[in-house]
Amino acid sequence: MALTPPITDIEQLKSHPALGRLTSWNAAVVQAVKFDRDELTIWIAKESIREVCAILRDFPDCPFNYLADLTCVDWYPSEPRFEVVYHLLSISTKERVRLKARLDGSSAAIESVTSVWPAANFYEREVFDLFGVRFSGHPNLERILMPDDWEGHPLRKDYPVEGYR
Amino acid sequence: MAQFPTTLASGLIQEETGQPEEGKLVLNMGPQHPSTHGVLRLVLEIDGETIVKMKPVIGYLHTGIEKTCEAKFYQQVVPLTDRIDYLCPMTNNLTYCLAVEKLLGLEIPPKAQWLRVLMNELTRINSHLVWLGTHAMDIGAMTVFLYCFREREDVLRFFEMISGQRMMTSYFRIGGVALEPPIGFFEKVKKFADRFPGNVDEYENLLTGNPIFMMRTKGIAHLSAEDAIALGACGPTLRGSGVDIDLRRDAPYTSYEKFQFKVPVRTEGDVFARYLCRVAELRESIGIVQQALAGMPEGPIKADSPKVVLPDREKMKTQMEALIYHFKIITEGFTVPEGEVYQAVESPRGEMGYYIVSDGTAKPYRVHMRGPSFANLQSLTKMCEGQLIADVVAAIGSIDVVVGDIDR
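Residue numbers (the working numbering), protein chains in the order written: chain A, 1 to 165; chain B, 166 to 573.
Chain A with its partners taken away, still in its complex shape (with noise of 0.2 Å):
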């Protein structure tokens, strides 16, 4: 099981249902792909997410109906500084896809996906608490895992692990 350079270029990478039904439906939302142990991520145009989300759901040769995942990574300090995390799966074809959006600092929000699925609702409070990150359009962000008069948040890379903030 040897590493394999990851695969970059769309063209090639075509043939995968997600990308296939992206590209087809509108080229420009996809910013960038990798194709990096067996895993595809396409970066997507931060505005359009929840636009992408809904089309991949009901895309009817491979429906992406179940939201696996979502989180955040912070890369901080260089900007864009937050990438929002998506892992979709295909209950009934089994595939698998991560979809990410990238986001400043200075303006980290992104719009909420649980229109898409009700599921993104205790993630998407999850990423605000601990990244403080905004999801426009949730029905209830607020904190989940911190108490609610907390300060900061903490997964960020500029929180510290120990000692005083």
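It should be emphasised that the hints constitute simulated quantities derived from the structure, not laboratory data. The structure presented is a predicted model; accordingly, all values stated were derived computationally and were not measured. A virtual CB, placed ideally from N, CA and C, is assigned to each residue, including glycine. It is possible that some hints are incorrect.
[Claimed, not checked] DEER-style ranges, computed between Cβ atoms:
no.: 1; chain 1: B; residue 1: GLY270; chain 2: A; residue 2: LYS14; range: 20 to 28 Å
no.: 2; chain 1: A; residue 1: GLN31; chain 2: B; residue 2: MET326; range: 46 to 54 Å
no.: 3; chain 1: A; residue 1: TYR159; chain 2: B; residue 2: ASP469; range: 33 to 41 Å
no.: 4; chain 1: A; residue 1: LYS157; chain 2: B; residue 2: ASP469; range: 52 to 60 Å
no.: 5; chain 1: A; residue 1: SER92; chain 2: B; residue 2: PRO244; range: 47 to 55 Å
no.: 6; chain 1: A; residue 1: ASN26; chain 2: B; residue 2: MET379; range: 49 to 57 Å
no.: 7; chain 1: B; residue 1: MET307; chain 2: A; residue 2: GLN31; range: 56 to 64 Å
no.: 8; chain 1: B; residue 1: ASP212; chain 2: A; residue 2: TYR159; range: 37 to 45 Å
no.: 9; chain 1: A; residue 1: ASN26; chain 2: B; residue 2: ALA527; range: 56 to 64 Å
no.: 10; chain 1: A; residue 1: SER106; chain 2: B; residue 2: PRO471; range: 44 to 52 Å
no.: 11; chain 1: A; residue 1: PRO60; chain 2: B; residue 2: PRO347; range: 48 to 56 Å
no.: 12; chain 1: B; residue 1: MET332; chain 2: A; residue 2: ASP38; range: 29 to 37 Å
[Unchecked claim] In silico lysine-lysine, DSS-like type, Cα no more than 25 Å apart, as pairs:
no.: 13; chain 1: A; residue 1: LYS157; chain 2: B; residue 2: LYS528
no.: 14; chain 1: B; residue 1: LYS528; chain 2: A; residue 2: LYS34
no.: 15; chain 1: B; residue 1: LYS232; chain 2: A; residue 2: LYS157
no.: 16; chain 1: B; residue 1: LYS423; chain 2: A; residue 2: LYS94
no.: 17; chain 1: A; residue 1: LYS14; chain 2: A; residue 2: LYS46
no.: 18; chain 1: B; residue 1: LYS423; chain 2: A; residue 2: LYS157
Chain A is already provided as a structure; the job is to place chain B on it using the hints.
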């Protein structure tokens, strides 16, 4: 000094629903309620005995494991993973190790893979036995609890034999498993596996046809397949609603493709269906244990990768090179090539996923755990609306939440 939270239980629901309507009452359940299986708090808005709205409040057990992982070497994260879902420590170990091995591109020898399957299925049995005992006790069948914990004790003894620990095993390591099983281990497991189907019959005698148990579970806390998928439910909760998915079969890892087993699916979508799924899984798991024992290959239990896997004690005492590698791994860790993986494994509760991002150093840049209980908890609200208060207890039991897994 930290301020004591002043938000009232009613305040939480009002934000979403406004003032509770005339004649309705807001009731707080938990966090120290014996049937919430840990420190889970539910805020219920009730009309008489009927639930109008429910809101789970979590975070009481949040320990910041994801943050802690970022400050540890890759191999030091393994003991942390035990503490997430403490009823299936080996499944957590397995998911983490598989993810890091995928990042490294490391091949695991067959014996280690077989041992992983064996221990993983024993973990599933252990977890399901705790679930069955507590679930039945919540509903009022006390005896089953004692029966289940009798067998669970045997499984915990196996864990102790093989790893030295009953619960926080940390037995799987990056590149293989920690130790060779002790002499007589396989014989003992074999004896257990031979008699365990009889034990499952005993539990089923007490519950499956029991009219009181059936009245408490049949048609209760219904969840349709569409809702289950939309709400991200997983594992037996999803299969109890008629969705046929099991990652051991659909996306095999650790040689699961070489084992024969059925995936129990029920279409009713109620508490009883989820109960039947899990009990059937107990039988399938012991079948996998039997196959793993019968086909256990010979060979090494660790991958041949001296820069990642700690050397044997014997080699360390005789070979300079092994000693150097040992020193380097312990003091500096090992570097992992840049990249990211999402490794999903079928835990007793459903899809357990680890998302690991590596920046090419010896410490993970980001570790995210997708806990199955966290996902299943969202479907609890849907299940309980319109049900009676007493059925909430049955519903919580049926999704088998572990709060350590929810809060991390």
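Here's how the hints hold up against the structure:
no., hint, verdict
1, B:GLY270 to A:LYS14: 20 to 28 Å, "26 Å, holds"
2, A:GLN31 to B:MET326: 46 to 54 Å, "53 Å, holds"
3, A:TYR159 to B:ASP469: 33 to 41 Å, "40 Å, holds"
4, A:LYS157 to B:ASP469: 52 to 60 Å, "36 Å, violated"
5, A:SER92 to B:PRO244: 47 to 55 Å, "38 Å, violated"
6, A:ASN26 to B:MET379: 49 to 57 Å, "53 Å, holds"
7, B:MET307 to A:GLN31: 56 to 64 Å, "59 Å, holds"
8, B:ASP212 to A:TYR159: 37 to 45 Å, "43 Å, holds"
9, A:ASN26 to B:ALA527: 56 to 64 Å, "41 Å, violated"
10, A:SER106 to B:PRO471: 44 to 52 Å, "46 Å, holds"
11, A:PRO60 to B:PRO347: 48 to 56 Å, "55 Å, holds"
12, B:MET332 to A:ASP38: 29 to 37 Å, "33 Å, holds"
13, A:LYS157 to B:LYS528, "14 Å, holds"
14, B:LYS528 to A:LYS34, "23 Å, holds"
15, B:LYS232 to A:LYS157, "9 Å, holds"
16, B:LYS423 to A:LYS94, "19 Å, holds"
17, A:LYS14 to A:LYS46, "21 Å, holds"
18, B:LYS423 to A:LYS157, "42 Å, violated"
In this structure, the earlier hints numbered 4, 5, 9, 18 are contradicted, and the remaining ones agree with it.
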